[in-house]
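*Asks:* This is what each chain is made of:
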Amino acid sequence: NAGVTQTPKFRILKIGQSMTLQCAQDMNHNYMYWYRQDPGMGLKLIYYSVGAGITDKGEVPNGYNVSRSTTEDFPLRLELAAPSQTSVYFCASSHLRGLAGGRDTQYFGPGTRLTVL
Amino acid sequence: AQTVTQSQPEMSVQEAETVTLSCTYDTSESDYYLFWYKQPPSRQMILVIRQEAYKQQNATENRFSVNFQKAAKSFSLKISDSQLGDAAMYFCAYRPPNTGNQFYFGTGTSLTVIP
Numbered sequence: 001n002a003g004v005t006q007t008p009k010f011r012i013l014k015i016g017q018s019m020t021l022q023c024a025q026d027m028n029h030n031y032m033y034w035y036r037q038d039p040g041m042g043l044k045l046i047y048y049s050v051g052a053g054i055t056d057k058g059e060v061p062n063g064y065n066v067s068r069s070t071t072e073d074f075p076l077r078l079e080l081a082a083p084s085q086t087s088v089y090f091c092a093s094s095h096l097r098g099l100a101g102g103r104d105t106q107y108f109g110p111g112t113r114l115t116v117l
Numbered sequence: 001a002q003t004v005t006q007s008q009p010e011m012s013v014q015e016a017e018t019v020t021l022s023c024t025y026d027t028s029e030s031d032y033y034l035f036w037y038k039q040p041p042s043r044q045m046i047l048v049i050r051q052e053a054y055k056q057q058n059a060t061e062n063r064f065s066v067n068f069q070k071a072a073k074s075f076s077l078k079i080s081d082s083q084l085g086d087a088a089m090y091f092c093a094y095r096p097p098n099t100g101n102q103f104y105f106g107t108g109t110s111l112t113v114i115p
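Residue numbers (my numbering), protein chains in the order written: chain E, 1 to 117; chain Y, 1 to 115.
The hints are simulated quantities; they were obtained by calculation from the structure and are not laboratory data. Only true hints are included.
Which bits of chain E does chain Y cover? Going by a derived footprint, with three or more residues having C-beta under 8 Å, they are:
| # | stretch |
| --- | --- |
| 1 | 40 to 54 |
| 2 | 86 to 94 |
In silico lysine-lysine, DSS-like type, Cα no more than 30 Å apart, as pairs:
| # | chain 1 | residue 1 | chain 2 | residue 2 |
| --- | --- | --- | --- | --- |
| 3 | E | Lys44 | Y | Lys55 |
| 4 | E | Lys14 | E | Lys44 |
| 5 | E | Lys57 | E | Lys9 |
| 6 | E | Lys57 | E | Lys44 |
| 7 | Y | Lys55 | Y | Lys78 |
| 8 | Y | Lys55 | Y | Lys70 |
| 9 | E | Lys9 | E | Lys44 |
| 10 | E | Lys44 | Y | Lys78 |
| 11 | Y | Lys73 | E | Lys57 |
| 12 | E | Lys44 | Y | Lys70 |
| 13 | Y | Lys73 | E | Lys44 |
| 14 | E | Lys14 | E | Lys57 |
| 15 | Y | Lys73 | Y | Lys55 |
Built from N, CA and C at the ideal position, the CB exists for glycine as well.
Chain Y extracted, bound-state conformation (with noise of 0.2 Å):
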């Protein structure tokens, strides 16, 4: 069975520092997708960020990055200059490949970001 564990259920941070979400799974495949959802109170998933295995460059989105390690299966997302905006819950998602592409996800982490 797959599994995605966040060993972190809270986390904070000071607006405008930087804070890591940590992320690892568990796969015997070497080609796979990775995802880190951020669900605000009103509950909406929303992409952050995506990662493909087979890429070794780590995702970058704006103020989101990433640090893929997948011989350690670790999938940290770093969150830079945070903003009051980017206190939700996170969730990593990891999709294996040709399985109707169903997701995994992990519990959650909770940011809050302290003014």
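Chain E extracted, bound-state conformation (with noise of 0.2 Å):
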């Protein structure tokens, strides 16, 4: 059981380019998440799914994508790179209907540093 997984680990783009953030989950979880958190703040969600098919806008969504064809995977992408976007990236997932210890509790992937140059 490898429970979150994101890759890569880290990666450096130049204005403009583009790139998916891949995040898989072996949980079996319904809900997946992808944050942001820069530098001394906090976590700001950026989007979320409620199972395979469904997705839908956090807190800061402009400038990504997502898509959940399947549980497992919830990838991120970020179409033209702008320097705002230079953060490190978590992804995350939580059955809301788990066991008592799980339920409403999100798990987190090791996260991905992304720099935007």
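Dock chain one against chain two, each of which comes alone in its own frame, and use the hints as you go.
*Replies:* Have a look at this one:
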């Protein structure tokens, strides 16, 4: 059971380039999330998904896109990278109706550090 | 808008001593969830403890406990017998009911443990 995995761990992009941040979970969780964490700040929600085929915007969705074709995977797409997107990106998952110990608890991946120059 | 405030950007504690991290939140809901997450230098977010608002009893996980004051909208974390491995950023998080399981995070408190 690997939990939540993210790739890559680090990436440097040039302005205007595109990339996809990968996220996968093997816990059969319904909900998945993408957050960004800027220096000295908490996490801001970018997008989330309540199940395969269903996604919705969070607090800071501009400049990003997501898809959820399977329960396991939730990739985040940056189409035209900008310096303002330099951040650490975290993927998380949770199972709303899981066991008492896991219910409503989010489990995080290790993060992807993205720099846009 | 939901807000979570951590008023202590940095805290320090002597090894084996006790430290309390503060968190307040703003909500008009009566049933919600509160969490403390730890983020060590590895940047992995690790769940420390969770509290359901409808439960009056304060949650406890080994050396970690909370002081949940619902009327005051306060949710502090107490770490007893502090260890060097407790050094990390600590984030308080709030989850309202019925909003797609969206979490709101505070800006974090950096905890230093002094040997």
